[in-house]
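*Asks:* Working from the sequences, and respecting the hints, build out all of it.
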Amino acid sequence: MKTARFTCLAALAVTVFAAENNSFLLRNATVHPVSGAAIENASVLVVDGRIAGVGPKIAPKGKIKVIEGRGLHVYPGMIDSGSPIGLAEIASVRETVDAGEIGDFNPQLRALIAVNPSSEHIPVVRANGITSVLVTPGSTGGGRGAAAGSLIAGQASLVHLDGWTWEEMEIRRAAAMQLAWPVIRMPRGRGAGIEALLPGLAARRATFAEARRSQQQQVQKIQDFFDAARRYQTAKAAGESIQPDLRYEAMIPVLEGKLPLMITAVREREIREALAFAARERLKIVLAGVRRPGKTLEEIAKRNIPVVLGTTFVTPLEEDDPYDEPFTLPAHLHKAGVKFAFASFGVQFARNLPYQAAQAVPFGLPYDEALKSVTLNPAQIWGIDAEYGSIEKGKFADLIVTDGDPLEIRTQVKMMFIKGVPVDLESRHTRLYKRYSARP
Amino acid sequence: MRKNLLAAFAAALLISAFLISAALAETVNWTAIRGARIVPVNGPVIEKGTVLIRNGIIAAVGAQVDVPASAWIVDGNGLTVYPGFIDALSSWGLPQTAQAQPPSAARGAQQQPQQPQQARSWGPLDRPGTFSWVKAADLLQPADPRLGQARNAGFTSAVVFPRQGIVAGHGAVINLGGRTAGEMVVAPDSGLFLALRPSGYTGFPSTPMGIMAYFRQLWLDAEHYRQALSMYAADPVNIPRPAYDRAIEGILGARRVLLPAADPVQLERMLTLAADLKTPAVLYGVVRGYEMAARLKQAGTPVILNVRWPARDRNADPEDRESLRELRIRDLAPASPAALSEAGVKWAVSSEGLDSPRAVLRALKQSIDRGLRREDALRALTLTAAEIYGVAARLGSIERGKIANLVLADGDLFDDRTRVRMVFIDGVRRLPEPEAPAPQGAAGRSPSISEEEEQ
Numbered sequence: 120m121k122t123a124r125f126t127c128l129a130a131l132a133v134t135v136f137a138a139e140n141n142s143f144l145l146r147n148a149t150v151h152p153v154s155g156a157a158i159e160n161a162s163v164l165v166v167d168g169r170i171a172g173v174g175p176k177i178a179p180k181g182k183i184k185v186i187e188g189r190g191l192h193v194y195p196g197m198i199d200s201g202s203p204i205g206l207a208e209i210a211s212v213r214e215t216v217d218a219g220e221i222g223d224f225n226p227q228l229r230a231l232i233a234v235n236p237s238s239e240h241i242p243v244v245r246a247n248g249i250t251s252v253l254v255t256p257g258s259t260g261g262g263r264g265a266a267a268g269s270l271i272a273g274q275a276s277l278v279h280l281d282g283w284t285w286e287e288m289e290i291r292r293a294a295a296m297q298l299a300w301p302v303i304r305m306p307r308g309r310g311a312g313i314e315a316l317l318p319g320l321a322a323r324r325a326t327f328a329e330a331r332r333s334q335q336q337q338v339q340k341i342q343d344f345f346d347a348a349r350r351y352q353t354a355k356a357a358g359e360s361i362q363p364d365l366r367y368e369a370m371i372p373v374l375e376g377k378l379p380l381m382i383t384a385v386r387e388r389e390i391r392e393a394l395a396f397a398a399r400e401r402l403k404i405v406l407a408g409v410r411r412p413g414k415t416l417e418e419i420a421k422r423n424i425p426v427v428l429g430t431t432f433v434t435p436l437e438e439d440d441p442y443d444e445p446f447t448l449p450a451h452l453h454k455a456g457v458k459f460a461f462a463s464f465g466v467q468f469a470r471n472l473p474y475q476a477a478q479a480v481p482f483g484l485p486y487d488e489a490l491k492s493v494t495l496n497p498a499q500i501w502g503i504d505a506e507y508g509s510i511e512k513g514k515f516a517d518l519i520v521t522d523g524d525p526l527e528i529r530t531q532v533k534m535m536f537i538k539g540v541p542v543d544l545e546s547r548h549t550r551l552y553k554r555y556s557a558r559p
Numbered sequence: 020m021r022k023n024l025l026a027a028f029a030a031a032l033l034i035s036a037f038l039i040s041a042a043l044a045e046t047v048n049w050t051a052i053r054g055a056r057i058v059p060v061n062g063p064v065i066e067k068g069t070v071l072i073r074n075g076i077i078a079a080v081g082a083q084v085d086v087p088a089s090a091w092i093v094d095g096n097g098l099t100v101y102p103g104f105i106d107a108l109s110s111w112g113l114p115q116t117a118q119a120q121p122p123s124a125a126r127g128a129q130q131q132p133q134q135p136q137q138a139r140s141w142g143p144l145d146r147p148g149t150f151s152w153v154k155a156a157d158l159l160q161p162a163d164p165r166l167g168q169a170r171n172a173g174f175t176s177a178v179v180f181p182r183q184g185i186v187a188g189h190g191a192v193i194n195l196g197g198r199t200a201g202e203m204v205v206a207p208d209s210g211l212f213l214a215l216r217p218s219g220y221t222g223f224p225s226t227p228m229g230i231m232a233y234f235r236q237l238w239l240d241a242e243h244y245r246q247a248l249s250m251y252a253a254d255p256v257n258i259p260r261p262a263y264d265r266a267i268e269g270i271l272g273a274r275r276v277l278l279p280a281a282d283p284v285q286l287e288r289m290l291t292l293a294a295d296l297k298t299p300a301v302l303y304g305v306v307r308g309y310e311m312a313a314r315l316k317q318a319g320t321p322v323i324l325n326v327r328w329p330a331r332d333r334n335a336d337p338e339d340r341e342s343l344r345e346l347r348i349r350d351l352a353p354a355s356p357a358a359l360s361e362a363g364v365k366w367a368v369s370s371e372g373l374d375s376p377r378a379v380l381r382a383l384k385q386s387i388d389r390g391l392r393r394e395d396a397l398r399a400l401t402l403t404a405a406e407i408y409g410v411a412a413r414l415g416s417i418e419r420g421k422i423a424n425l426v427l428a429d430g431d432l433f434d435d436r437t438r439v440r441m442v443f444i445d446g447v448r449r450l451p452e453p454e455a456p457a458p459q460g461a462a463g464r465s466p467s468i469s470e471e472e473e474q
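Chains L and D are the protein sequences, given in the same order.
If you read the first sequence in this note's numbering, its first letter stands for residue 120, the second for the next number, and so on.
If you read the second sequence in this note's numbering, its first letter stands for residue 20, the second for the next number, and so on.
Treat the hints with care, since some could be wrong.
Derived pair list, reagent style EDC-like, types lysine to aspartate or glutamate, alpha-carbon separation capped at 20 Å [claimed, not checked]:
#1 L:Lys533 x L:Glu187
#2 L:Lys421 x L:Glu387
#3 L:Lys414 x D:Glu242
#4 D:Lys316 x D:Asp282
#5 L:Lys414 x D:Asp339
#6 D:Lys297 x D:Glu242
#7 L:Lys340 x L:Glu392
#8 D:Lys365 x D:Glu406
#9 L:Lys414 x D:Glu338
Hint data in this document are derived by calculation from the structure and do not stem from the laboratory.
*Replies:* Printed below as a string of structure tokens:
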């Protein structure tokens with residue numbers, strides 16, 4: 120009884136606090152709307168969580184909180200286009216990892232409901248200016264596909280990195296369906312003779328033909344699953360009595376081309392197959408984890424297929440690749456006219472998202488594009504650009520206030536607002552910093 | 020009386036001596052190869068000469084040789100006589116199952132019954148992967164069909180090693196023919212084969228550092244064992260009896276060790292290890308000899324070159340781009356023999372990993388195309404191999420007193436069209452044998468009833 124009343128009071132307190140807290144005028148700052156050029160000495164008026172005005176001459180109306188922004192910069196909050204944050208806490212402790220359900224096809228799973236709002240990673244990631252994340256249910260993104268996990272891992276959800284419950288964090292329950300395209304997996308013994316290989320491994324080495332056959336079987340599985348889902352869709356549309364199946368039910372928006380299929384495909388061969396599959400099935404797709412698009416780049420651009428790039432802080436795929444291969448890839452995509460966004464595909468390094476984009480700038484990516492690739496581009500790719508991704512009138516006030524360029528490592532994020540509500544920038548990192556700074 | 024007895028005894032002695040020499044004289048077999056081009060390896064080529072063989076041993080070589088009337092004459096016109104080739108690291112004539120993999124390697128379930136699972140080892144005292152008491156000379160199988168293939172390619176000798184575990188056992192210099200296994204053996208103690216093959220996490224040692232530390236411990240244990248035995252022998256009354264250790268017994272008999280040196284890093288490790296073991300070393304599997312020649316010369320260590328030149332893995336993903344490093348090794352590896360010869364490193368050749376014995380010659384031809392002198396290639400196949408294993412007084416060249424192991428070919432050895440017409444092993448002629456391509460096919464003809472001619 121007592122607890123119930125306490126919860127009630129707490130909830131009430133939050134609402135009141137929020138209501139009071141999601142309107143303000145931030146003035147005398149440099150505003151970087153991303154959708155347009157920066158405006159100096161400008162103000163941003165936020166009313167009830169939405170941006171009510173941006174410009175140099177906006178006067179406070181009535182009783183509204185005024186925040187002095189002299190010397191500060193305002194940017195839209197950044198969006199990480201793929202991370203299991205909230206689903207995985209400590210990778211090596213199985214009990215803390217909720218990503219990667221067992222089974223080849225799990226489209227009915229929604230990442231959102233498993234997100235832990237109290238994850239220690241969330242404040243850390245926020246501290247660098249990231250306000251939203253596409254939470255992916257698969258075991259891992261990037262790499263050479265996630266063959267260790269599912270083929271269809273489930274629905275990726277867009278969340279705000281703030282909220283008491285996952286319901287409060289929700290932006291889009293289903294923002295994409297996550298599919299890992301099967302990879303021909305060969306052991307890559309580099310110049311190692313049989314002598315050097317472990318004897319057991321040497322005996323188990325699969326031939327290329329075997330590896331290809333097993334990959335083709337997996338591709339066939341995907342095709343079969345889509346065919347079955349289509350039959351379900353047709354039967355349902357025809358009003359036939361069908362046994363409800365959550366898996367096929369979840370596939371309907373994908374088949375209708377409403378929900379994008381986020382396909383992890385790293386190298387040219389997988390990308391080519393995924394593109395052909397999507398064309399055949401007339402699907403809306405987003406390619407994820409692309410590293411070596413090769414000749415498919417032209418087709419990706421022509422078909423306006425967006426790409427989610429993983430971290431740039433990796434070594435080149437092959438030992439003879441140029442050292443800057445991961446750094447120049449974003450510029451190549453940009454030159455080809457491909458829209459792309461960055462994803463961390465990780466938990467503890469999701470905080471490095473702005474620097475992933477920054478790393479591409481000295482290697483040919485225009486700065487404005489780099490900034491877009493973590494703000495407006497992902498909003499467009501995930502279909503939330505009417506409300507997020509830039510500082511424009513009518514959009515939600517997901518803002519960061521910094522003392523400089525947020526893609527610069529030394530820049531400090533001074534304030535953050537999610538839907539106009541100020542967000543705490545304390546994190547485990549700052550707590551530890553304070554604790555050990557105070558050590559006598 | 021006594022005098023008579025002595026005289027009778029002396030007479031008996033004389034008679035018996037006469038009888039023995041008469042018996043020996045009766046069994047003298049002379050063979051002469053006449054009119055052939057002779058490449059003795061240790062001397063200048065004789066354009067037309069004679070090799071005279073007496074009881075399986077070369078009695079004379081030269082342009083002018085007196086041939087006894089009783090000699091069996093082989094017409095050598097149009098043929099070239101070389102010393103028989105020696106495969107310096109081989110498994111010919113050994114049971115093929117024992118040579119394949121260590122017992123711990125689960126290569127296939129069907130092998131499990133043949134090789135009982137060894138207990139998991141936890142340290143050096145478990146003597147993991149140690150078979151130092153195994154002798155290749157004790158395992159020979161004269162009916163191995165590979166012996167015939169090897170003879171067809173011109174090989175008359177091989178140095179064969181058991182290959183299981185990390186201390187695999189003692190090698191033997193063998194002739195590739197003989198009525199019994201015992202007849203084949205030239206030297207039964209040609210070195211102890213050591214491998215740096217990790218156990219595959221099935222027990223200690225599972226890492227190269229573990230294996231090397233184990234070898235060091237083994238040799239320290241051997242020295243301790245030797246001292247303990249000699250102390251015990253001097254005073255068996257007061258000193259307790261040291262326990263017998265077959266692993267150590269095998270180590271004590273090692274005249275040399277064979278160690279792997281695939282690349283420069285492993286080379287340095289093995290040179291240090293060999294110094295620690297205080298045992299002369301022969302390095303094998305020297306794939307990157309082209310960049311190791313100077314160091315090898317400095318160390319003065321002979322090598323057995325693996326002439327299975329690296330090639331693209333037929334199983335590889337066709338879309339995989341090979342690294343420059345791999346391509347470089349592949350390109351330069353066949354140039355290793357020339358580099359080693361130029362540096363003055365003693366090197367011999369191993370058939371290891373090649374499909375057929377003939378492929379050894381083809382591989383060497385590749386090296387000749389990359390700058391290796393033909394004489395050096397021939398020397399590696401013959402005299403150098405004999406020198407490395409300390410049998411150069413008996414094998415490796417055509418000269419008086421050596422074992423009559425000879426190859427007669429119808430042209431230059433390294434020409435593709437050249438065919439081996441016959442070989443002599445211990446003076447016994449063997450003609451080329453039909454090779455059964457598939458083991459399940461032509462099994463009707465056993466190699467033991469091949470053309471073996473008695474003179």
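*Asks:* Run every hint past the structure and note whether it holds.
*Replies:* Hints versus structure:
no., hint, result
1, L:Lys533 x L:Glu187, "holds (12 Å)"
2, L:Lys421 x L:Glu387, "holds (16 Å)"
3, L:Lys414 x D:Glu242, "violated (66 Å)"
4, D:Lys316 x D:Asp282, "holds (15 Å)"
5, L:Lys414 x D:Asp339, "holds (15 Å)"
6, D:Lys297 x D:Glu242, "holds (11 Å)"
7, L:Lys340 x L:Glu392, "holds (14 Å)"
8, D:Lys365 x D:Glu406, "holds (9 Å)"
9, L:Lys414 x D:Glu338, "holds (13 Å)"
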